[in-house]
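Those sequence lines, one after another, are chains A and B.
If you use this note's numbering, the first sequence corresponds to residues 1 to 713, in order.
If you use this note's numbering, the second sequence corresponds to residues 1 to 713, in order.
Since the hints were made in silico from the structure, they are not lab data.
Note that the structure is predicted; figures quoted are calculated from it, not measured.
Heads up, some of the hints might be wrong.
Unchecked claim - Distance windows between CB atoms, simulated:
(1) A:H196 to B:R5: 43 to 53 angstroms
(2) A:Q493 to B:R5: 42 to 52 angstroms
(3) B:A262 to A:D43: 58 to 68 angstroms
(4) A:D43 to B:Q493: 22 to 32 angstroms
(5) B:E364 to A:Q493: 46 to 56 angstroms
(6) A:D105 to B:Q227: 30 to 40 angstroms
(7) A:G490 to B:V592: 48 to 58 angstroms
(8) A:Q493 to B:L489: 38 to 48 angstroms
(9) B:Q367 to A:G490: 16 to 26 angstroms
Claimed, not checked - Taking beta-carbon pairs under 7 angstroms as the criterion, some of the chain B residues facing chain A (in silico):
(10) E87
(11) Q127
(12) W280
(13) G282
(14) V333
(15) K338
(16) A339
(17) Y466
(18) G467
(19) E468
(20) F543
(21) E546
(22) H550
(23) A569
(24) Y575
Every residue gets a Cβ at the ideal spot worked out from N, C-alpha and C, and that includes glycine.
Number of protein chains: 2
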Amino acid sequence: MNTFRMTKHVVGFTFGEPVETGILMGAKEKVSLKLPLEIAQKDGHSRFSFPLTERDRVYGLGPNLGGINKRGRKYESYCTDDPLHHEDKTTLYGAHNFFILEDDDVARGYFIDFPSRIRYDVGFTSQSQFTVDIFGENFTLLVIDGENLKSIVKNFHEVIGKPYMPPKWGLGYAQSRWGYKTAEDVRRVREAFERHDLPLDSIYLDLDYMEDFKDFSVSEERFPKLQELSQELQETGVHLVPIIDAGVKIEEGYDIYEEGIAGDHFVKNVKGEPYVAAVWPGKVHFPDFLQEKTQTWFGEKYKALTDLGIDGFWNDMNEPAIFYDETSLQEGVEAAIKAQGENLGVYAFFNLRDKFQSIGNKDEYYQRFFHEFHGKTYSNEELHNLYGFYMTKSASEGLRKILGKRFVLISRASSIGMHRYSGIWTGDNSSWWSHLSLNLRMLPALNMSGFYYVGADTGGFGGNAYGELLLRWLQLSAFTPLLRNHSALGCAQQEPYAFGTEVAEKAREILRDRYRLIPYLYSETLKAWKEGGLMFTPLAFEFWGEEAQHAEDQMLLGEELMISPVTQANAGGRYVYLPEAMAEVTFKEDQVTLTLEKEGVRYMSYALDELKFHLRRNRLLPYVPPASSTRDLEVSTLHVLGYVETEGEYELLDDDGISYGYEDEKMYSTRIRVTRGEDGVKVDVKNTHPHIKRILLTILDGENHIMEKEVLV
Amino acid sequence: MNTFRMTKHVVGFTFGEPVETGILMGAKEKVSLKLPLEIAQKDGHSRFSFPLTERDRVYGLGPNLGGINKRGRKYESYCTDDPLHHEDKTTLYGAHNFFILEDDDVARGYFIDFPSRIRYDVGFTSQSQFTVDIFGENFTLLVIDGENLKSIVKNFHEVIGKPYMPPKWGLGYAQSRWGYKTAEDVRRVREAFERHDLPLDSIYLDLDYMEDFKDFSVSEERFPKLQELSQELQETGVHLVPIIDAGVKIEEGYDIYEEGIAGDHFVKNVKGEPYVAAVWPGKVHFPDFLQEKTQTWFGEKYKALTDLGIDGFWNDMNEPAIFYDETSLQEGVEAAIKAQGENLGVYAFFNLRDKFQSIGNKDEYYQRFFHEFHGKTYSNEELHNLYGFYMTKSASEGLRKILGKRFVLISRASSIGMHRYSGIWTGDNSSWWSHLSLNLRMLPALNMSGFYYVGADTGGFGGNAYGELLLRWLQLSAFTPLLRNHSALGCAQQEPYAFGTEVAEKAREILRDRYRLIPYLYSETLKAWKEGGLMFTPLAFEFWGEEAQHAEDQMLLGEELMISPVTQANAGGRYVYLPEAMAEVTFKEDQVTLTLEKEGVRYMSYALDELKFHLRRNRLLPYVPPASSTRDLEVSTLHVLGYVETEGEYELLDDDGISYGYEDEKMYSTRIRVTRGEDGVKVDVKNTHPHIKRILLTILDGENHIMEKEVLV
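Next up, chain A with everything else stripped away, as it sits in the complex (with noise of 0.2 angstroms):
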């Protein structure tokens, strides 16, 4: 075991000898020092455990099930494309090997850095142990120090790189369907957009648009003119934004496919021939994105479609996902002849039928295929969870260069490090009411990951929506950076207008307050992207109390803002713990109401056509009129409300939203400070923005009066 010191607060151990995953940045001082744990290693496995009192918390484990405390699971670190998350599910498609664990005297994050199986039992199997099963002998452990849980996030962010940063844009609504079909079919969506005047931000185009399913296709017949539709609807402030799937179709004649091999792109089979599997398209090849050469390769194909007025993109399949490959197939269709003629046993029955219902993304599919990875062969099993994070690495570099400014992208499958290359949505998720409620919880746990570009597919993706699903979820959604609103084929439709002119009105009601407060996402975006650490906190992270501990459906949102959404049906309102006095907000038809409530819990009517959050005691909240697009934001005016006892102060920052002079850290920043004095109400403000020149102040004290204020900068 060799350990290292990368920072003050985060120190590591080498087991063996660990594949360099690329996913810890910085420099590793050499020094000795104790491993707090002990690490058992036998038959290739290494297991370590922790003892769990009732009370201790364990946090993190990235986009996964169960709730913001992990305890009572088990999880997987292994990317899976598996579109039933019901509860016994296990594993989903990312896999982040970051959590921290509270116990009452020390809290202590914990990051291992290992490219394949580890699987995780939180006081499951029994009460009181947490054991972590790598499936590996060669790893890397971190152990991250912190003042409290919040600074031990940070001091982990510290040493994986600073976050993808997306455009302003990325902010926008998104509304995507696998099902837009036609360019006219994308057309008509944006015009059903415009005539309910609903804001939108782009289109997110799935697997429709291509040519029998071929990466950086385009089809000719539903499809014809991409690059008009791209500036037609960039006229109206609307971005298309297309998928990229993993697999490259296996086809004589298709530029992707015979670049692929001329270039020896692929991943092979043991017997070193590129492998077939069969996904979309029917067989391909994958891409082998562990190797550079690959990643610069296929990260320039984005051109083709950049050059059509394309600036997103979401790369899918990447886990990578196999509905089956044709050894299997094969045994499936020879038990089938077996069985022809036989009286088949209950159990006989039950193998030939698994043959077919388990094809899907065996464990052996990836035990058959190899990468390249620093001159090493590897199978895909020993580094699996590196194929959708280098897939995005591969878009995300080729992207800024073809580009030269910011642009969307998100991908399905994902490990920590990814981050630094684009957001996640949280995968094909249902329209289901438990997974509103899964949404939320995960927020935490992705940005522990470095995620802060992260939002669910608003509406389920499978399944079927109703209206009264789809509003509570914007009424989530709205307050997490990327806002999509993604839905199957088969579905029920689930455009905010697809459901009646009623749903149509409350939609709109809750995206304008969204646009409202792209501003303020938008600025705790930039200081994710700054300095690490959480934009949303459990309020365990922050508060005492049982109440507190324990709350799983409401959290902090910055350090301004508490979301308590409704995740449930038919229901008016919802109970609503408050750690301590806040001001309630409600955005209701264009009118902000601010109201004093006092610690403890109550009853909080929520109607589906409002938004509904607290702000904190000395705090202050930005937001601006509501727009359609993004890019009709208007922020000469800005307001600002506070509940100020005290004194509150917050710093607005803001960019041109799609350079990267971020990086330099030029970004505009105004500073508004509100104090509270003998002599009333006081407010300073140092600004750099170009375009702020009024700032309207709405002040809640703690005697719940209001009182207004203009200033000028």
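Dock chain B against chain A, hints included.
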């Protein structure tokens, strides 16, 4: 359309020539009435709708997904065996066509007497419309009025006959598992209960006890002397409850099969031959339970097991579930053969996979076999929802004749009408927190359908339970008349001692508390038998206000209690809404505490080793000391808790627990009345119970003062 009146509150409308399902009981007086609805009939469907305002609510529909308020979903009445009850599902094992629609002006109950498919769209497709789609043109619609929601339920119960009444031992704790493979396994379970001092009244046997899954057979090898086992267990107060499946194995020499053929008892295919389907035993025939001769024949067969000392059964697979039939399997095999060597496109592949993946319970199976019913031939599809009902009627009537005493009987498939013959468990749920929550929300709807002997598979059938989930589930099931812990082969063992000593100890506390409450629960079950109506009542049925209207996770039990179980992981408690002042009751470590809580919402800590609930104002709750079996329950000293501000009364009903005396109203009654006057507290007792000798009262007043009093009777 013919119209008729059954009672003052119940009128009926007959369309076409409905099947005489046997659900409705009592005379139908011909009258001339106007239907308060428009029914459209077209293409063999009948459809009617109700407009819905945002405030309207819909209740009922029996064992289904969704909330207490059924809005925002689709439901289907078509008994189906589908073990993965996630949010997309629209049908479970029962088909209960009773619902109440409450709008601002009026509440009304509706029952559709129709034995095939009915679909309900309760404000899903359109928020403002509730549509009922009956897959036929011949049916009877009952419209039920009442003073309030609770009376509507009672008025409905008057026309469907009195419910099944379990023996008292049926309210004891039942341990079950698919996977108690031998008599020794069963002995070990009983011994473990004794060793851990856990109460136990019955052990259920799943398919394991049978020889080759054959009904009424017992494996010579694994259960060689079932009679001895049964006797041995009964001596310790434990009953064996074996399973019986619907399908009869096709096997020469197997008596049931041969008698079935000889007596012409099996359902037929279109050619008039016995229909062949595959279930657990491989190929089976299904008894035609719709025929009286078959009911009699099959009902008598239970004697094979009652002769061995058995007095409880569960009827399973009686939707009926079908794994495959030969036609469909052959189609799958042929598709596989055709696929051989082909380069399958993705849709061709999906099509092939689906032939096997979706081979169970196909719609067409139920069109391929036929029943004789009241002298006519019907496809199973036409009478589908009566199959489980009539299998259970057959068992229930058979058992009554054979045993001459009460027995435990539960069924998986169900429809209204079957409530006269057995209880139900809510089917093959999963070890999911959401199913614990669903269990709670289903209870009032099951009562509405006339079922009181109900409970879910506590801990969850499929998937893996863990300690905390089981304990939280026990804290709910402690209140349901049927309290059975059941789990599937291959899933984690989930006996209360399977998760270590600490969990076993906590479970013991909860189960001891259950046994304290059995006299009350049994009394409430007898009252439900006498009077109908709800045992579990939504708060919305009793209280005004938004909080009560939306309360989906707490409800009233009897006239006395409010239960508020914890249904979330990692919670130290929950928010409880008190629509009026109540006494909070905590049973913990044989101590009972009583605290006055005022109206409103508050956070209630709820530990894993206690039982908490609320006692309403001016109500009394009787309980007794814990026991390890219902046989040992000791009522000579009856404890009574009260929260009495002015006066409170409770009538405890009881009987010998096993005979049919209750049918002649031969019950014991202990009527306790507590009056608080200026001169203190007065207690009146009228007692006909032969064993109750002493009453110990603990009475709380509106000032949180407690008074104790002893009354000898």
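Hint check results:
Between H196 (chain A) and R5 (chain B), the C-beta spacing of about 50 angstroms keeps the proposed range 43 to 53 angstroms intact. Distance hint check for Q493 (chain A) and R5 (chain B): the Cβ-Cβ separation is about 46 angstroms, which falls inside the suggested range of 42 to 52 angstroms. Between A262 (chain B) and D43 (chain A) the C-beta distance comes to about 60 angstroms, which sits within the given range of 58 to 68 angstroms. Between D43 (chain A) and Q493 (chain B), the C-beta spacing of about 26 angstroms keeps the proposed range 22 to 32 angstroms intact.
Between E364 (chain B) and Q493 (chain A), the C-beta spacing of about 30 angstroms breaks the proposed range 46 to 56 angstroms. Between D105 (chain A) and Q227 (chain B) the beta carbons are some 59 angstroms apart, a value that contradicts the proposed interval 30 to 40 angstroms. For G490 (chain A) and V592 (chain B), the hinted distance range of 48 to 58 angstroms is satisfied, since their beta carbons lie about 56 angstroms from each other. Remark: the range hint 38 to 48 angstroms for Q493 (chain A) to L489 (chain B) is upheld by a beta-carbon distance near 42 angstroms.
For Q367 (chain B) and G490 (chain A), the hinted distance range of 16 to 26 angstroms is satisfied, since their beta carbons lie about 25 angstroms from each other. Proximity of E87 (chain B) to chain A holds as hinted, the smallest CB-CB distance being about 4 angstroms (cut-off 7 angstroms). Using the Cβ-Cβ criterion of 7 angstroms, the hint placing Q127 (chain B) at the interface with chain A is satisfied: the shortest such distance is roughly 5 angstroms. With 7 angstroms as the threshold, the beta carbon of W280 (chain B) comes within range of chain A, its nearest partner Cβ sitting at about 6 angstroms, so the hint holds.
For the restraint placing G282 (chain B) at the interface with chain A, the shortest Cβ-Cβ distance is roughly 5 angstroms, inside the 7 angstroms limit, so the hint holds. For V333 (chain B), the interface hint holds, since its Cβ comes within 7 angstroms of a Cβ in chain A; the closest pair sits about 5 angstroms apart. Taking 7 angstroms as the C-beta contact cut-off toward chain A, the hint placing K338 (chain B) at the interface is violated, the least distance being around 9 angstroms. Annotation: interface hint on A339 (chain B) holds; nearest CB of chain A at approximately 6 angstroms, less than 7 angstroms.
Because the smallest distance between the Cβ of Y466 (chain B) and any Cβ of chain A comes to about 5 angstroms, under 7 angstroms, the interface hint for this residue holds. Taking 7 angstroms as the C-beta cut-off, the interface hint given for G467 (chain B) holds, the closest approach to chain A being about 5 angstroms. Interface hint status for E468 (chain B): upheld, as the beta-carbon distance to the closest one in chain A is roughly 6 angstroms, under 7 angstroms. Below 7 angstroms, beta-carbon pairs count as interface contacts, and F543 (chain B) has none with chain A, the closest being about 13 angstroms; its hint is therefore violated.
At about 5 angstroms, the closest approach between the beta carbon of E546 (chain B) and any beta carbon in chain A falls short of 7 angstroms, and the interface hint on this residue holds. Contact between H550 (chain B) and chain A, as hinted, is supported at the beta carbon level, the nearest pair being about 5 angstroms apart and thus within 7 angstroms. Taken as an interface hint, A569 (chain B) checks out: its beta carbon lies about 5 angstroms from the nearest beta carbon of chain A, inside 7 angstroms. For Y575 (chain B), the interface hint holds, since its Cβ comes within 7 angstroms of a Cβ in chain A; the closest pair sits about 5 angstroms apart.
When held up to the earlier numbered hints, the structure conflicts with 5, 6, 15 and 20 and fits the remainder.
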